[in-house]
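So the sequence lines, in the order shown, correspond to chains A and B. Okay, so the first sequence: first residue is 1 according to this note's numbering, each after it adds one. Okay, so the second sequence: first residue is 547 according to this note's numbering, each after it adds one.
Since the hints were derived computationally from the structure, they do not count as laboratory data. Small disclaimer: the values here were computed from a predicted structure and weren't measured. Hints may be right or wrong, so weigh each one.
Stated by the list, open to error - Quick list of in silico lysine-lysine cross-link-like pairs, BS3-like style, CA-CA up to 30 angstroms: (1) A:Lys70 / B:Lys863; (2) A:Lys130 / B:Lys887; (3) A:Lys324 / B:Lys803; (4) A:Lys319 / B:Lys666; (5) A:Lys399 / B:Lys877; (6) A:Lys247 / B:Lys634; (7) B:Lys666 / A:Lys7; (8) B:Lys887 / A:Lys324; (9) A:Lys83 / B:Lys673; (10) B:Lys877 / A:Lys319; (11) A:Lys83 / B:Lys830; (12) B:Lys830 / A:Lys363; (13) B:Lys626 / A:Lys389; (14) A:Lys423 / B:Lys863; (15) A:Lys363 / B:Lys863; (16) A:Lys64 / B:Lys634.
Said to hold, decoys possible - Just a sample of chain B residues kept apart from chain A, beta carbon distances all over 10 angstroms, derived: (17) Leu563; (18) Trp603; (19) Val608; (20) Leu622; (21) Asn656; (22) Phe661; (23) Leu675; (24) Phe696; (25) Leu759; (26) Arg784; (27) Thr788; (28) Gly796; (29) Ile837; (30) Val852; (31) Tyr867.
Every residue, glycine too, gets a C-beta built ideally from N, C-alpha and C.
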Amino acid sequence: MSDEAPKPEELAKIDHRPPIWTGWMHEPTQIRRGIACYGANPKNLEYVDFPNPREWSPFDEDWKLPGNWKEIIIEGLRERLEKFRSLKIFMDICVRCGACADKCHFFIGGGDPKNMPVLRAELLRSIYRKENTIAGKILGQFAGARALTYDVLREWWSYFFQCTECRRCSLFCPYGIDTAEITIIGRELLNLLGLNTDWIAAPVANCYRTGNHLGIQPHAYKDMIDFFVDDIEEITGVRLEPSFNRKGAEILFITPSGDVFADPGTYTCMGYLILFHYLENLGLDLTWSTFASEGGNFGYFTSHEMAKRLNAKMYAEAKRLGVKWILGGECGHMWRGINQYMDTFNGPADFLEEPVSPITGTKFDNARSTKMVHITEFTADLIKNNKLKLDPSRNDNLKVTFHDSCNPARGMGLLEEPRYIIKNTCNHFYEMPENTIREQTFCCGSGAGLNAGEDMELRMRGGLPRANAVKHVHETQGVNMLACVCAIDRAVLPALMEYWVPEVDVTGVHELVANALILDGEKERTTNLRGEPLPGMEDMEEEEDV
Amino acid sequence: MNFIASILFSGIAISILVLIPWIGVGALDLRVLFGIVVPYLAVATFFVGIVVRVLDWARSPVPFRIPTTAGQQWSLPWIKPNRIDNPKGTGGVVMRMIFEVLLFRSLFRNTRLEFRGGPKISYEWEKWLWLGALVFHYSFLVVFVRHFRFFIEPVPVFVTLLEKLDGFLQMGILPVNGLGVPSVYLTDMLLMLALTYLFLRRIYIPQMRYLSLPADYFPLFLILTLGLTGILMRYLIRVDVTAVKELAIGLVTFSPKAPEGIGVIFYIHLFMLSVLIAYFPFSKLMHLAGIFLSPSRNLSNNSRFVRHINPWNYPVKVHTYEEYEEEFRDKMVEAELPVEKMPEGAAEEQAGSPEEGAKE
């Protein structure tokens with residue numbers, strides 16, 4: 001943690017009661033360290049031709065905005081109302097019943113009333129009423145309207161970057177008002193003034209240039225995978241030969257670059273490699289790409305247009321390589337993007353074929369238009385058809401629970417596939433309480449580009465509901481491993497666990513698969529992918545050490 | 547503006563609205579204005595307003611397919627999909643909407659945060675909001691339908707039946723028929739009770755108090771006043787029902803009359819109704835129509851197998867593979883990654899294998 005959050009005991013003192021005598025409309029905004037991210041570096045905005053690149057800090061008084069910033073925002077809002085029915089409806093029909101209020105992880109973990117989804121939306125609605133409705137123009141604040149001021153803009157920035165677009169509130173809303181939609185469009189408006197965070201702007205620029213958020217160049221990408229190949233050989237005795245940018249392969253594999261970069265995502269990545277190697281003998285013909293080397297899409301946290309610009313390389317690379325279909329790795333917002341946006345953005349993918357598993361012959365009918373299959377759909381099908389030799393006892397040291405990532409849960413409905421895989425690769429699986437899983441799952445607290453170091457307090461607050469549920473199964477069932485299907489989860493949950501439930505570690509689902517998977521010609525494995533002794537092999541390790 | 551100012555503002559607004567017909571009819575005898583002109587204007591505003599608003603919503607496209615998926619997707623044949631909460635086709639969407647509109651399914655999911663020190667967080671049973679909302683809407687509907695007896699002659703059978711049912715349930719408790727007071731309607735009481743609950747939770751629950759606007763108190767007060775004047779008329783301040791019916795039938799048959807002798811309380815009741823329906827299209831009450839157009843509820847989750855078209859989709863500037871390879875070609879060649887075009891000079895040596903992958 002680069003910036004320390006307060007101690008858990010301190011942070012847990014949360015008052016959920018807003019002030020009684022003051023209203024929210026003219027409450028000045030505090031942009032506080034620990035809660036806010038740094039402002040976008042000009043070079044990252046310039047690289048993708050975004051407006052108003054300049055050195056600035058959100059903690060400064062002066063944000064160096066163009067003179068006509070108000071007109072830009074008002075015009076931008078008007079334009080988006082014409083483009084998105086969702087926005088119009090969500091601006092007009094909220095009755096403020098408050099059902100969403102205590103459903104947001106940021107409100108639960110922080111108590112800031114403007115993090116109640118209804119108020120987050122009211123921040124924008126109040127301006128909409130002033131500018132776009134007759135009642136708001138005439139009645140002003142009696143109609144819930146207020147003028148757009150510099151302070152309102154700062155407030156927008158603060159709270160639209162305190163939302164992870166997880167959509168939990170939209171589940172409970174009787175009209176399905178989706179705060180993610182409000183936040184996405186709100187951020188799009190802020191980006192008209194160059195008001196992004198650098199933690200989002202830098203990955204966007206990187207991804208545009210190198211194909212992935214982390215800015216990993218092609219040779220380095222290959223090097224990193226080769227490094228995993230060495231590790232895998234050491235652990236399993238089997239030498240893998242993954243291929244990159246190979247034309248004529250049947251399947252292109254795309255996964256978040258986080259998986260090649262940092263633990264424990266790297267073990268998930270090793271998991272993919274081992275699975276693909278295992279399947280090669282059964283007829284899998286798959287290539288990785290150093291260009292389409294990112295499944296995630298931070299453009300999505302910037303604007304619809306930027307999301308489309310970054311997403312374009314998936315189909316472009318599939319077309320260039322001449323593959324038949326695309327397989328996608330474990331990632332959260334990547335999959336909401338693929339499920340709900342990609343085909344609309346950059347389709348039709350008529351140069352690809354409807355995906356069929358080369359091993360089982362299963363046709364993935366549900367992906368017949370996007371031509372992109374989720375790896376847990378792919379692997380669950382393999383297991384169901386008895387194509388994998390698995391030894392779940394190799395995961396017997398783990399008591400696993402599963403964190404549904406927000407986007408695959410509420411923007412897709414991928415709930416059973418990962419569970420099926422976990423149950424077949426691990427002997428000890430426990431669910432967290434039902435109000436915290438599946439469609440009601442709680443966010444990791446760091447999604448939608450908030451996984452920086454400087455906003456650690458916000459992340460620990462936002463992640464509290466999730467951590468609390470993990471803690472519950474840790475205490476009642478002895479759970480020691482939190483599985484997930486999201487690269488951001490793998491990047492941020494370790495810090496969250498360390499903070500709230502230090503006894504629990506984090507894993508991707510395909511790490512569990514690879515540990516259980518028995519490869520042809522493998523040596524007797526003594527450790528798992530992390531180099532920790534397998535159950536029953538603890539003594540062996542010591543002997544070797546001696 | 548705090549909650550007291552919001553309540554005061556709404557309360558004062560309602561008081562003024564009550565005074566207008568009171569003075570207008572009570573003192574100035576403007577029966578035609580308040581019995582005919584205002585109701586017609588209000589109804590016209592209601593219909594025109596709703597149509598204009600809905601058309602305005604519909605004018606904006608739905609660029610992306612963004613249902614909130616609340617259950618298992620349709621994927622592999624042996625995994626049971628949730629066809630209602632994660633609909634794959636129109637049938638499922640229709641079911642989802644029926645549950646949403648008629649039973650408030652999403653609100654039924656509601657829980658209440660219980661936050662104790664430690665921290666220890668739990669999510670407790672909380673169906674009161676759902677119940678209050680359901681009781682309010684259905685009572686209002688029944689009260690509305692019961693009013694058909696004023697507008698239709700002869701009174702339709704279903705209205706009479708509904709009245710009997712609605713009144714019957716209270717007979718045993720208030721056997722006041724013999725005293726010349728009509729039976730008490732269950733829905734009258736439930737409507738007032740639900741409204742009172744919906745109001746009290748706004749000031750009792752701290753978060754609700756903070757987030758409520760005058761626009762939340764105003765319609766509550768308005769409907770409360772509407773209900774109160776109706777109840778007063780029925781049980782305490784009797785009005786000439788025959789004359790009321792004459793006026794009502796006159797209105798719906800477009801041969802309006804404003805007969806003499808109807809008490810002023812009726813005109814207040816009618817004026818509250820007029821205000822309510824005229825206010826409707828400009829307010830949050832439009833959720834009635836909006837729910838049907840809400841993209842997170844009324845779309846199926848099919849965008850991976852049926853392409854959803856964005857009518858304003860436009861070409862964007864992208865970074866092409868060619869530009870990428872141009873920048874990294876030398877490094878790629880050195881790392882034995884395949885390239886489309888060999889670098890100058892190196893072309894001679896490796897000319898034979900530009901397509902060759904890292905994998906042999």
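Hints, one by one, checked against the model:
{"no.": "1", "hint": "A:Lys70 / B:Lys863", "in the structure": "27 angstroms, holds"}
{"no.": "2", "hint": "A:Lys130 / B:Lys887", "in the structure": "57 angstroms, violated"}
{"no.": "3", "hint": "A:Lys324 / B:Lys803", "in the structure": "75 angstroms, violated"}
{"no.": "4", "hint": "A:Lys319 / B:Lys666", "in the structure": "52 angstroms, violated"}
{"no.": "5", "hint": "A:Lys399 / B:Lys877", "in the structure": "44 angstroms, violated"}
{"no.": "6", "hint": "A:Lys247 / B:Lys634", "in the structure": "35 angstroms, violated"}
{"no.": "7", "hint": "B:Lys666 / A:Lys7", "in the structure": "16 angstroms, holds"}
{"no.": "8", "hint": "B:Lys887 / A:Lys324", "in the structure": "23 angstroms, holds"}
{"no.": "9", "hint": "A:Lys83 / B:Lys673", "in the structure": "36 angstroms, violated"}
{"no.": "10", "hint": "B:Lys877 / A:Lys319", "in the structure": "23 angstroms, holds"}
{"no.": "11", "hint": "A:Lys83 / B:Lys830", "in the structure": "22 angstroms, holds"}
{"no.": "12", "hint": "B:Lys830 / A:Lys363", "in the structure": "46 angstroms, violated"}
{"no.": "13", "hint": "B:Lys626 / A:Lys389", "in the structure": "25 angstroms, holds"}
{"no.": "14", "hint": "A:Lys423 / B:Lys863", "in the structure": "44 angstroms, violated"}
{"no.": "15", "hint": "A:Lys363 / B:Lys863", "in the structure": "34 angstroms, violated"}
{"no.": "16", "hint": "A:Lys64 / B:Lys634", "in the structure": "48 angstroms, violated"}
{"no.": "17", "hint": "Leu563", "in the structure": "14 angstroms, holds"}
{"no.": "18", "hint": "Trp603", "in the structure": "5 angstroms, violated"}
{"no.": "19", "hint": "Val608", "in the structure": "5 angstroms, violated"}
{"no.": "20", "hint": "Leu622", "in the structure": "6 angstroms, violated"}
{"no.": "21", "hint": "Asn656", "in the structure": "5 angstroms, violated"}
{"no.": "22", "hint": "Phe661", "in the structure": "6 angstroms, violated"}
{"no.": "23", "hint": "Leu675", "in the structure": "6 angstroms, violated"}
{"no.": "24", "hint": "Phe696", "in the structure": "29 angstroms, holds"}
{"no.": "25", "hint": "Leu759", "in the structure": "4 angstroms, violated"}
{"no.": "26", "hint": "Arg784", "in the structure": "36 angstroms, holds"}
{"no.": "27", "hint": "Thr788", "in the structure": "39 angstroms, holds"}
{"no.": "28", "hint": "Gly796", "in the structure": "32 angstroms, holds"}
{"no.": "29", "hint": "Ile837", "in the structure": "5 angstroms, violated"}
{"no.": "30", "hint": "Val852", "in the structure": "6 angstroms, violated"}
{"no.": "31", "hint": "Tyr867", "in the structure": "5 angstroms, violated"}
Hints 2, 3, 4, 5, 6, 9, 12, 14, 15, 16, 18, 19, 20, 21, 22, 23, 25, 29, 30, 31 from the earlier list are contradicted by this structure; the remaining hints agree with it.
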